[in-house]
Amino acid sequence: MKTVWEGYSMGGIKVKLLTGRSLDQGKSKERGKLSEDYVKCVAVCEFNKEDLEAFKISPGQNVRVSTDFGSVVVRAAASTQQLPKATVFMPYGPWTGIVVNPETHGTGMPSLKGLEAEVSAAPSEKILSLKELVKQFAGR
Amino acid sequence: MKELVLKARRVPNVPAEALVVSPNFIAGKSVEEICAAEVWEGNRRIALREVFDVEGETAKVAEEQAVKVIGEAGKVRKLGYQMSSGLITVDGNAGMYLGEEMKGGTITVNGNAGSWVGTKMGGGTIEVKGNAGDFVGSSYRGSRLGMKNGLIVIHGNAGNEVGCWMRGGTIRVKGNSGQFPGMHMSDGTIFVEGDCGGRAGAQMTGGRVIVVGRLLTVLSSFSFEELRGSVKVGEDKVGGPFYLFTGDVCENGVGRLFVGVNRNPHLEWYKRFIETPGDGLCRLV
Amino acid sequence: MREELIVRNGFVFDPLNGIDGEKMDVFIKDGKIVDKVGSKASVVESSGMIVMPGGVDIHSHIAGSKVNSGRVLRPEDHEKDYEVKTQITRSGVGHSIPSTYTAGYRYARMGYTTVFEPAVPPLKARHTHEELDATPIVDKACFPLLGNNWLVMEYLRDGKIEECAAYVAWVMNATKGYAVKIVDPGGVEAWGWGQHLRRLDDRVPHFEITPREIVRGLCKVNRLLRMPHTIHVHTNNLGFPGNYETTIETMDCVRDLASGDRPTIHITHVQFTGFAGTSWLNLGSGAPEISNYVNKHSHVTIDLGQIAFGDTTTMTADGPFQYLLHKLSGNKWINADVEAETGAGVVPFHYKKSNYVNAVQWGIGLELALLTKNPWQVCLTTDHPNGAPFTEYPRVISWLMSSKARARVLAKINKNARRRLHLPGIDREYTFNEIAVVTRAGTAKALNLKEKGHLGVGADADIAVFNLNPKEVDPSKNYRAVRKALKKSAYTIKDGRIISRNGEIVESSMGKTYWVNAKTSEDLMESVTSQLREKFEDYYTVQMENYIIGESFLKAPSRIEVSSEV
Amino acid sequence: MRCLAETFSNVVCTVCGCCCDNIEVTVEGRKVVKVKNGCAISMSKFMNYGEERIPTPLIRRKGELAEASYEEALREAASILKKAKYPLLYGWSLTSCEAIEVGVELTEAVGGVMDNTTTTCHGPTVLGEHDIGVSTCTLGEVRHRADLVVYWGCNPLHAHPNHMKRYTVLSKGRFRASRKDRKLVVVDVRRTDTAKVADFFLQVSTNEDYELLSALRVAVRGDEIEQDSVAGVPAEKIEELAEIMINCEFGILFFGLGLTMTPGKSRNIDLALSLVRDLNSKTKFLIMPMRGHFNVTGVNHVSAWETGYPYAVDLSRGYPRYNPGDTTAIDILLRGECDAALVAASDPVASFPAKACRHLAEIPLITIDPHYSATTLVSDVVFPSALTGIETCGTVYRMDGVVLESKKIVEPLGGVRSDVEILKDMLKLIRG
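Residue numbers (this note's numbering), protein chains in the order written: chain A, 1 to 140; chain B, 1001 to 1285; chain C, 2001 to 2566; chain D, 3001 to 3432.
To be clear, the hints were calculated from the coordinates, so they are not data collected in a lab. For clarity, every value in this text was computed on a predicted model and none was experimentally measured. A couple of the hints might just be wrong.
Unchecked claim - Derived pair list, reagent style DMTMM-like, types lysine to aspartate or glutamate, alpha-carbon separation capped at 25 Å:
id, chain 1, residue 1, chain 2, residue 2
1, C, Lys2080, B, Glu1038
2, D, Lys3424, D, Glu3067
3, A, Lys85, D, Asp3228
4, D, Lys3034, D, Glu3024
Turn these sequences into a full structure, and let the hints guide you.
See the structure below:
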């Protein structure tokens, strides 16, 4: 069985993945990281409206985002910040930690932006809470 | 030559540093002295014998001293630190800063090496049969004093910033290199036989970067000069043809970047500067 | 309780008390010099050694935002020069921009016990104090930068000298500063627009004022406030050939403000503004002219800014000069402008003997020291780290004390520079007494530190004992012995406790920070404060309340009260 | 019982590197009831500071975190750190400089590595500065003088919501009265909210900022760009931006994680710093990183004056050593080379790549934090602490190095200590 570590190609849609700060992420992290609000604001993958249509994904629906480094289920949303074509955005948080490239190339900084990724609709999969997510990848 | 054999007893789980694994340190000392020599394991000062079984003989002078490291030394750093002659062979992996500030002699690693191979190197030869990490032949942070002389050969792949602030000598990467080979270099030669992750020669002021394999783009701060049939690296004549660029223009650089024509069809548009007869540009080259 | 100490049988050099190498005992009780102690006092055997007051450095960049920017800029400066932690000391790094703990220890090892940081952007004074509070052993203070301050320029432009004085008093209080520092008056404001302002009568863009008016105005303010130190001036035009004229002009522009023999102006690191010539190609030494002026005028004190050959880091509040140096050297460059107040720059630099300009610079500093007759007008500095790290002081002292030592360097420097310099023809050699003046007594006097720089009763028991017998060692011939002895004191005593022995720190302490509370009339301060309150939000991006540093912010404040004329 | 309302003015906000110091906070007892002048994130932080607080120290027993006494937790923490051969002490950006100073001393005492959150924000900026330097200023200089403001790879309207209003295009300065007097340029991969209000926007292709910066330097020199387009931007547009930059009177380039995190990392910054340096031969131009995390600038400063290095300081040998890429937290964790860790005032498990987090969870881990976090979930010892700037005071640095005193506006929960106290107690116990 593939683990969360290896990542896996599911034949999903190929996209570029950006991660970054967002206003909602900033506000919600101050409300508490165990809160539902935090999951709602941070376990998110934002798409262009055009891409949502093209990919046949609707906002609010769960999607699986996978890279060579891992795979995670988050909620799809329409981006308020206009993204280039076939590019998705995830706010910083433990959910992005799963899919980013840890390699620093001798700079101390992992590769958190502009990653090759695949997304696919995951209607039957559940978004893990922070506790579940941490349990899964850290075993605690 | 006399050979001293160091067999790794265990793999440290924290960084270990063994400046003493150098012909310069070993020559002229007894095996007993070597066994007791200082090695650091994280914040603990220990004796070399705690991490290595030591056998063999020591020579009177470094020139006569061969050192063989057997086993997993991937966590052991600074092997061959400041060595000026003699031989080190590592049968296994070597940790970071292999041959730092090396001045002469030869290091051979029959496995992989960590980052900062031959950093601040002033002479000698380092050969890594496997892959190397980032910053091969580079300078220390903030310093412009990168590799000055000598030869580094990486048979596998090398990471980013090969030859960062390099001032002389030759680095040969037989596999692929990461981004930024020749970053800020002022002299010397970097020869990448495989593909390059990009941004070759960035901010270079002099020296040569040669990429035989694929290079996605050439920075706009490099200007195309001409096509070259071949290029000499040491005694070898490397067959091309190559695109020859000079740069980095933004640094008033006179560095030369050779990019193999065959593996880089996407750079063909540069040929318009030479191929159209009657085009004024053709006379410029 | 603090123990009693006798520093016994040393050759004492205490110029402020007229003691010149006499063999005598120094008594210490409760951290002060006393005239006698009990029989149980511990003895510091100093026979055959030199005993001096602890060194007082009038100008050394050891703390604050620009120093720290320099540290961050230069890991390569620290890599090979480090200090390992001990039971008593913290670890740290050098070389030219040492970490705070290392700076304190290294000063103490050389017998220095008081160091003044000479360039503090008021807005960033908190930073300086944080670092000073992390600098062990030495006592310290800092000089707020006021020569490009908007409010100062406006008050002076409008002729409101008393208001300006009250404002300066307010700044001293708000920043816990000690003296008025002026750097490239008006020039750093012009640099805010990337412009250069070179002459004393150039106009500062948008402010309708000239450098001359700023220097004179602040000099008057300084007098009105009765500040302990004079204005401390880094002149315009620093680093440009021919700038010695600006230096003399700057000195002369406050000549009429002198009263009696008290100095009215301190010109700092004069070496850097002692250039004669019209270009880098014919650069020469302006030291004879400057020294000639100083010899005739008692209203001036200077410090040297001597260079030593090697690698160091230049850093000043003179933003435009640092840019020039970056362009000249091609070295990396930090610029840091500070709103409504000042700027700063940092550029690494390597002084080379073979370089014509560097060799001339080396000569200028020494000529200044040797041609200025009255040592009380000269302070020894390297403008650390601009000319050299302070750890080069023993070398500089050996040059002052030995023409042989100078000749050895002269033989190796750029030939053309040697020809241009007056130094080969100067045979003056400083005595130990004169060295004591330029490194402690004179600097303490210039700073008006009553309890420093001497060994009279009531002085702080800050003492340096050097293992060097002045009766046996001829410093002129055996200058290497001088260097060696001064590098690591046999004993450094701070506040009556031995803190360093043969270069090893044996006890660490935290020194105090002096600041000047200049009291003006309440009405005047009230009116200026309310003017400030109105303008503050327009000028600054912080609230006025948050700009003011309370005394409790300092770990060991030592307030000096002065009552002003206004 | 209703407490008397008390209003504090000139409070320093504890959210981002803007450190707005004009916040007005009204409290009733330990409850914040009103926040004025703060941005949305600031409001959220002040109003919700009491959420998800850890009430007592915790120790992991039989796999679960359980309540423990302070002394017990201290003993456990001290024993973990004393045993460790290469402990990592990480975090520090959400606490005061006073606490950070003790942190450095503690790291030195236990022979560990002290790294801070710079590692995952502007570490590459520091590396770029080592090679090039930086031409910068305080934010007031921008407010008073800037007629050109460039935001590159950052979205201040989301990450630093008051930045434009207080310090840049929307502020009123001595020489620039209003928005009309200033030009706003945005360069980003996304057309962000900030980009939408820009006068000039360049959309750069993902991962190609280095190429664009290089081309821009070519154009600023006045040389021709041989390519038709670079990084998805037509050469003419690059030349246009170069003209805008050259022709301004006072320009400033703010950059964010869009440059530090994309391929090239430190070299993107190297080039941005070089570009600005080049521009100074033509006009006045400055550059500043958009430091995000509250006092992260302060950590760099404290670390630099105490050890000579701003982050990633290896004190395992009893003196400071430094080489990001080797001594940085993520690299150490990825190589599995630390054998214990202490995390203070940060939540690495919520921000580090999962592989790095896994090692953190595998080794003995001590966390000091006011709140439950992803990191506390995997810790072995947890100390609750008072929130800096709300429950305890302390010195903090704004992104431009201006220093401020954060205030204590409410009493901490009973029995909860400040970071300074906890770290000092730990140090004392370790020194024995």
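- Please write out, lowest number first, the hints stated earlier that are contradicted by the structure. Result: no hint breaks.
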